[in-house]
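Asks: Letter by letter, the chains look like this.
2 protein chains.
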Amino acid sequence: MLAGSPRGESPARRKIAASKAASTVARVKRNEIVCDRDGWETVSTVQHFANAHLEVLTDSVRTPLHPQPRSWTIAHRKAAVVIAPMTRDGKIILIRQERIPIRAAIWEMPSGQIDRGGAGKQEIQQAALCELREEAGYELAADGELIALGYFFSSPGFTDEHCYFFLAQPVEPCADFVRDETEAILDCRPFAIEELRRMIAENEIRDANTLGICARLAARGLLSLDPR
Amino acid sequence: MLAGSPRGESPARRKIAASKAASTVARVKRNEIVCDRDGWETVSTVQHFANAHLEVLTDSVRTPLHPQPRSWTIAHRKAAVVIAPMTRDGKIILIRQERIPIRAAIWEMPSGQIDRGGAGKQEIQQAALCELREEAGYELAADGELIALGYFFSSPGFTDEHCYFFLAQPVEPCADFVRDETEAILDCRPFAIEELRRMIAENEIRDANTLGICARLAARGLLSLDPR
Numbered sequence: 242m243l244a245g246s247p248r249g250e251s252p253a254r255r256k257i258a259a260s261k262a263a264s265t266v267a268r269v270k271r272n273e274i275v276c277d278r279d280g281w282e283t284v285s286t287v288q289h290f291a292n293a294h295l296e297v298l299t300d301s302v303r304t305p306l307h308p309q310p311r312s313w314t315i316a317h318r319k320a321a322v323v324i325a326p327m328t329r330d331g332k333i334i335l336i337r338q339e340r341i342p343i344r345a346a347i348w349e350m351p352s353g354q355i356d357r358g359g360a361g362k363q364e365i366q367q368a369a370l371c372e373l374r375e376e377a378g379y380e381l382a383a384d385g386e387l388i389a390l391g392y393f394f395s396s397p398g399f400t401d402e403h404c405y406f407f408l409a410q411p412v413e414p415c416a417d418f419v420r421d422e423t424e425a426i427l428d429c430r431p432f433a434i435e436e437l438r439r440m441i442a443e444n445e446i447r448d449a450n451t452l453g454i455c456a457r458l459a460a461r462g463l464l465s466l467d468p469r
Numbered sequence: 242m243l244a245g246s247p248r249g250e251s252p253a254r255r256k257i258a259a260s261k262a263a264s265t266v267a268r269v270k271r272n273e274i275v276c277d278r279d280g281w282e283t284v285s286t287v288q289h290f291a292n293a294h295l296e297v298l299t300d301s302v303r304t305p306l307h308p309q310p311r312s313w314t315i316a317h318r319k320a321a322v323v324i325a326p327m328t329r330d331g332k333i334i335l336i337r338q339e340r341i342p343i344r345a346a347i348w349e350m351p352s353g354q355i356d357r358g359g360a361g362k363q364e365i366q367q368a369a370l371c372e373l374r375e376e377a378g379y380e381l382a383a384d385g386e387l388i389a390l391g392y393f394f395s396s397p398g399f400t401d402e403h404c405y406f407f408l409a410q411p412v413e414p415c416a417d418f419v420r421d422e423t424e425a426i427l428d429c430r431p432f433a434i435e436e437l438r439r440m441i442a443e444n445e446i447r448d449a450n451t452l453g454i455c456a457r458l459a460a461r462g463l464l465s466l467d468p469r
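Line by line, the protein sequences give chains A and B. The opening residue of the first sequence carries number 242 in my numbering; numbering runs sequentially from there. The opening residue of the second sequence carries number 242 in my numbering; numbering runs sequentially from there.
The shape of chain A in the complex, shown without the other chains:
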């Protein structure tokens, strides 16, 4: 009933020329990774919904392959960071977190959104260290290094969400850590690489952030997912 039905859509939707929509869309859309260039052109934008975490738009877009504009509904999201915290003895710290959209608690890497759109390199790194502290209760050792590992798109068919990957190595527990009670984190502990591998193989680890950063780490020779 809902699919394609006007009753399912907001009657308050607004069609705005892309140039005038810039101030509205800029927060989530214009950044160095997702923007119009090289034959991509946003012709118009209709906003359906927006709150602090999600903006839903239907964009009319010319693409290099299809110069005739195509309409596409897009969930705009802030960029995020995902951190692989590695201890001095080569273990990875995971958190177990309740995730309301999937009605489950899962083991995953610490992660979080970057509050300010268009954040620079230093702000992105700060966001990573902040999530490492707040979610895991760990921090970089005095001789530690935060290694940037690029980024990924969580579901490029419907959202512009992208997440920057970092390896933090070595990490140590924060001396004075007290978990924020409003967080949804149930547990946090180090896992040997072989245990991480088994959890990925057996579908226990099943979120894009953790699978994605593990693939990147493996391809860069920083961790092996091969069975022993």
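One should not assume that every hint holds.
Remember, identical chains collapse to one label, so a pair may be satisfied in a single copy or spanning two.
[Unchecked claim] The list that follows gives simulated cross-link-like pairs (lysine to any residue, SDA-like), each with its CA atoms no further than 25 angstroms apart:
(1) K362 / E375
(2) K332 / A433
(3) K332 / V284
(4) K332 / S301
(5) K362 / R420
(6) K332 / F418
(7) K362 / N444
(8) K332 / W281
(9) K362 / E445
I should point out that these hints are in silico values taken from the structure, not numbers from a laboratory. Remember, it's a predicted structure, so these values are computed and weren't measured experimentally.
Given the structure of chain A, go ahead and fit chain B onto it with the hints provided.
Replies: Coordinates of chain B only, in the frame set by chain A:
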């Protein structure tokens, strides 16, 4: 301006008790993977937007950790399939596809949504073989096997979208393949595992589907991401 502003939300939003909302929500929400159980309870649901591809709701939910209901805005999506097509000589077929939400064409594994909610094992396998044919122009060899590799969540902080992983091995080009002109696929070809690894390491492969299935394949010993 938009964040938290009532003007940014649809005035047509409807608050519906979860029990009455079942017929509305069932299509995208109730399935064997995402559902209320073990201390999870949906108290109410407000629908903000819906079309054939996306439904945006704010659910009020009791969780095992927080029995006091919490509000969370969720992008409901159909389940999907991701297929790693492997040739007889051990190469992986990737497609290069325009993805409007990120304004870019990227190399990735074939994938697609499962049209019917609550699809059974056989329908999910059929969807995988269908995407293999339609997107890549390949099919399972007569002695080929479709190996189920579990599933993953693309971004469990804001969407219930989950994708089933499959390895199709070995695959062969369809004899009579003609690409659908309405698809956004620019290119399709086999890649050696070492080239796939390099593309992951260098951020050329940067979508959750491809990174996620590669991590799962590696952890199950079906492909190695270790640098040679």
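Asks: Are the hints correct? Go through all of them and say.
Replies: Structure-based check of all given hints:
Within a single copy, K362 and E375 get their C-alpha atoms as close as 20 angstroms, which meets the 25 angstroms cut-off; across copies the closest is 40 angstroms, which misses it. Within a single copy, K332 and A433 get their C-alpha atoms as close as 5 angstroms, which meets the 25 angstroms cut-off; across copies the closest is 31 angstroms, which misses it. Proximity of K332 to V284 under the C-alpha cut-off of 25 angstroms is found in neither arrangement, the shortest distances being 49 angstroms within a copy and 40 angstroms between copies. In this assembly of identical chains, K332 and S301 lie within 25 angstroms of each other by CA distance neither inside one copy nor across copies; the values are 47 angstroms within and 37 angstroms between.
In this assembly of identical chains, K362 and R420 lie within 25 angstroms of each other by CA distance neither inside one copy nor across copies; the values are 27 angstroms within and 41 angstroms between. With identical chains, the CA atoms of K332 and F418 are at most 25 angstroms apart within one copy only, with a shortest distance of 20 angstroms there and 48 angstroms across copies. Within a single copy, K362 and N444 get their C-alpha atoms only as close as 33 angstroms, which misses the 25 angstroms cut-off; across copies the closest is 17 angstroms, which meets it. In the homo-oligomer, the alpha carbons of K332 and W281 never lie at most 25 angstroms apart, since the shortest distance is 43 angstroms inside one protomer and 32 angstroms across protomers.
Proximity of K362 and E445 under a CA criterion of 25 angstroms is satisfied inter-copy only: 20 angstroms between copies versus 33 angstroms inside one chain copy.
In summary, the structure is inconsistent with hints 3, 4, 5, 8 from the numbered list given earlier, while agreeing with the others.
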